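Input sequences plus hints: build the corresponding full structure.
2 protein chains.
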Amino acid sequence: MHKHDLVIIGGGGAGLTAALAAKKTSYDASVTLITKDPLSYSPCALPFVISGEIDGFDSISKGIEDICRNSNINCLIDEAVSIDVKRRVVETRTGEFHYTSLIIATGGIPATPPIKGVDLEKVYTLYRMEDARRIMQAAEQAESAVVIGGGAIGLEAAAALIESGLKVALIEGLDYVLYRALDPDFSQAVENKFKENGVELIKGQNVEEITGEAKVESVKVAGREFPADLVIVVTGVRPNVKLAEKAGIGILNGGIKTDEYMETSVKGIYAAGDCAITKSLITGKPMPGLLGTIAIRQGTVAGMNAVGERETFENVLGSMILKVYDMEVGRTGLTEREAKAEGMEVVTGKVKSTTTAEYYPKGKGIEVKLIFNARDKRIVGAQAIGGGGVAGKINLLTFAISRKATVDDLIKLEYCYTPPLAPSHNPIVLAAENAYRKMKRLKERAKSGSGC
Amino acid sequence: MHKHDLVIIGGGGAGLTAALAAKKTSYDASVTLITKDPLSYSPCALPFVISGEIDGFDSISKGIEDICRNSNINCLIDEAVSIDVKRRVVETRTGEFHYTSLIIATGGIPATPPIKGVDLEKVYTLYRMEDARRIMQAAEQAESAVVIGGGAIGLEAAAALIESGLKVALIEGLDYVLYRALDPDFSQAVENKFKENGVELIKGQNVEEITGEAKVESVKVAGREFPADLVIVVTGVRPNVKLAEKAGIGILNGGIKTDEYMETSVKGIYAAGDCAITKSLITGKPMPGLLGTIAIRQGTVAGMNAVGERETFENVLGSMILKVYDMEVGRTGLTEREAKAEGMEVVTGKVKSTTTAEYYPKGKGIEVKLIFNARDKRIVGAQAIGGGGVAGKINLLTFAISRKATVDDLIKLEYCYTPPLAPSHNPIVLAAENAYRKMKRLKERAKSGSGC
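Note that the protein sequences, when read in sequence, are chains A and B.
Position 193, counted from 1, in the first sequence is what the working numbering calls 194; the numbers after and before it change by one each time, with no gaps.
Position 277, counted from 1, in the second sequence is what the working numbering calls 278; the numbers after and before it change by one each time, with no gaps.
Check each hint, because a few of them may be wrong.
Identical chains share a label here; the pair holds if one copy fits it or two copies do between them.
[What the hints assert, rightly or not] Cut-off 20 Å, straight-line C-alpha distance, at most; resulting in silico cross-link-like pairs (EDC-like, lysine to aspartate or glutamate):
| # | residue 1 | residue 2 |
| --- | --- | --- |
| 1 | Lys378 | Asp132 |
| 2 | Lys363 | Asp327 |
| 3 | Lys405 | Glu315 |
| 4 | Lys24 | Glu343 |
| 5 | Lys439 | Asp29 |
Quick caveat, the hints were computed from the structure, so don't treat them as lab data.
Small disclaimer: the values here were computed from a predicted structure and weren't measured.
This is the structure we're talking about:
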């Protein structure tokens, strides 16, 4: 008999990574992966297949059965219908599977608002491959489209439909696009890029109605009516907790509650990916990850721990990058608005720089913003936008936040430089110096204010 | 009278940065900059002017007098000839200047070996703009060239001359190019790139003689004779300490000894840039910076402290990047060879990855190597090579080394991902996981070896 009989529910990023991590950790463990979808792919790739940047769905997907066979993982294309926590059994459509440890990686569900007409034909979400296939088919005969939701996927979907030759309106209910990711100064540049490329942008307005008989015809918002041969509703994702909830596993803020080992309220049962709730690394407040990168790390931790390790997950900063036309947009940690809402005394540092030495002919612009808590001088968030090198900067700043780096640490950053690849003055250092001087002035003002 | 009369000797990266930092710190300070060269430019840009990638010297240079005028800094185009430490006076060709604090930023001197024929016409170093001007003029009528020295500048110079249509041989006395920067596995890829582009590479051989009557004609090495209408000797730079030494200021390992405030052995006298010796951040051993980025940071620290701050310089890791053709090459910290020479038990983690999601059509290859000290699991060095994103990774890893990050910290790295800009599995995390598993195996082997 095996020391560990690990069953994993869900073959997405978290589930499959968990299976592979468990096998790498303990090759003798018996690992069974139950997945409805026989294909492994990154949902983040779907907008780029729609746009034609990536040629077809085959190139972004691999058969899960093949992956599992290569790693000696049992794979079941099946659907789990219940978990019996007492008997340690997962019931599926075809049978029962006993486990000694279990990982729930049931992913998310599109959080579609109850708009009138949202159930009409040719109204789509964009979370799974079949959504993208249907959107591509519909786009072939379409002339106009409306995208509801100005988050990353909404923006990428709008750009993809423009690329496909459609007239596109993008509707965001909040005050600006990427509202949870960016501050308005950085969102503005993104919005301008979309307007330049012909997207009609409606902000701060909720959709009144999606009209049509059987098939969608238009979207009504702010007293206007936008014709739409298809509509994509991408207003976020919420954790899929149906199985866990039914089994009596602890739920928190709508997701499966986990500790630092990704273990749920039930010993031996782990959760990972979009279905799980962990904490904000800065505020300690519960939050879902809802990012592929987080799913991979949580899956790794859950997979290792389910076969006997004690690896920890470090909680979430929400590092994100997207490409809008020729512009890279990245962010991590808290926005300025969020930091203020947490009661922090916020000081920001901002700089406009270039991706190369300023005189190098192929250089592009880049703008970096750092958000500090003035009380302990720690960095709590960052945003960057520009023609290149954004991912590397965001990853460095994410690491800096997780290591509790201060403005003093960042102005001391050693960095590399060569005219074709980087400016002689690193933009992060310049932005930190900007914040450093602001903090110094604040301190001097506070001193003189108190009469010293 | 001013509270501070700051005199700075040298208008290169360190000196000019020091002047500007002093003024930003204390606008009331009197700051006098003495510079022989009236132009400010980055020597790192010179190879790219020679290659024609950057159009002319004007675009890379600014007048130092203009910069100083804008910041209310006194600028003297003059040469300092001595420092009288007792009287606190700098003597120049034209007069005497009293200081309350002094910054020595006299830069470096090309460390040209005593090869026979090195004084012939058309044998050049490549450290100053006039060197680059002469090389460009000589290259116009030349058919062949030899570059002596396979460091970063030597490689860039060789590529620039190939670009100018010359037949080029590159001679490196050590076993491989970028010997102090990279391990042989990474140097190999650089060498291949140069061979592909037609550079003849001779390694592990010292030049016997540079031949010619008045003008250079050939370079003899390893029993062969390479015709050369011009020769560039770029075998490194050593600190220029003439003034400091004459004034009795402490010298260490051939450079001006400084403490963490960039202060020399004489109170009130600071040194910054290529002339100064600081310490390796990892080994604590004295070393010069000899990089533009280090000069800028040291200049900032010296400038601030010379007018009353107590800012510190964090010592040197030696982060470097260069572009060879379409390949980015970066490194930081110790090489594997250096780490072993320090007595460390070295474990490396290596990964081949891509700059985008692996299926994204425009992705390029990238390879990352991390070097760990197995005893405390800390990262001590890193190398990366590939088609993009190298600078960002090297900067992150430099920060990780300076923050004493371990392999466990790096496998927990949160990072951003989107198919057009980054793979779903971050290469740094993958390389760290590779090292993590090797360390685990080492530990298990050690346990079983001891009979436990």
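These are the hints, each one checked on the structure:
With identical chains, the CA atoms of Lys378 and Asp132 are never at most 20 Å apart, being 45 Å at best within one copy and 45 Å at best between copies. Taking the closest pair of Cα atoms, Lys363 and Asp327 come within 20 Å of each other both inside a single copy (14 Å) and across two copies (14 Å). Taking the closest pair of Cα atoms, Lys405 and Glu315 come within 20 Å of each other both inside a single copy (13 Å) and across two copies (17 Å). For the identical chains of this complex, Lys24 and Glu343 are neighbours neither inside a copy (41 Å) nor across copies (36 Å), given an alpha-carbon limit of 20 Å.
For the identical chains of this complex, Lys439 and Asp29 are inter-copy neighbours only, at 19 Å across copies versus 58 Å inside a copy, given an alpha-carbon limit of 20 Å.
Violated hints, listed in ascending order, are 1, 4; each of the other numbered hints is respected by the structure.
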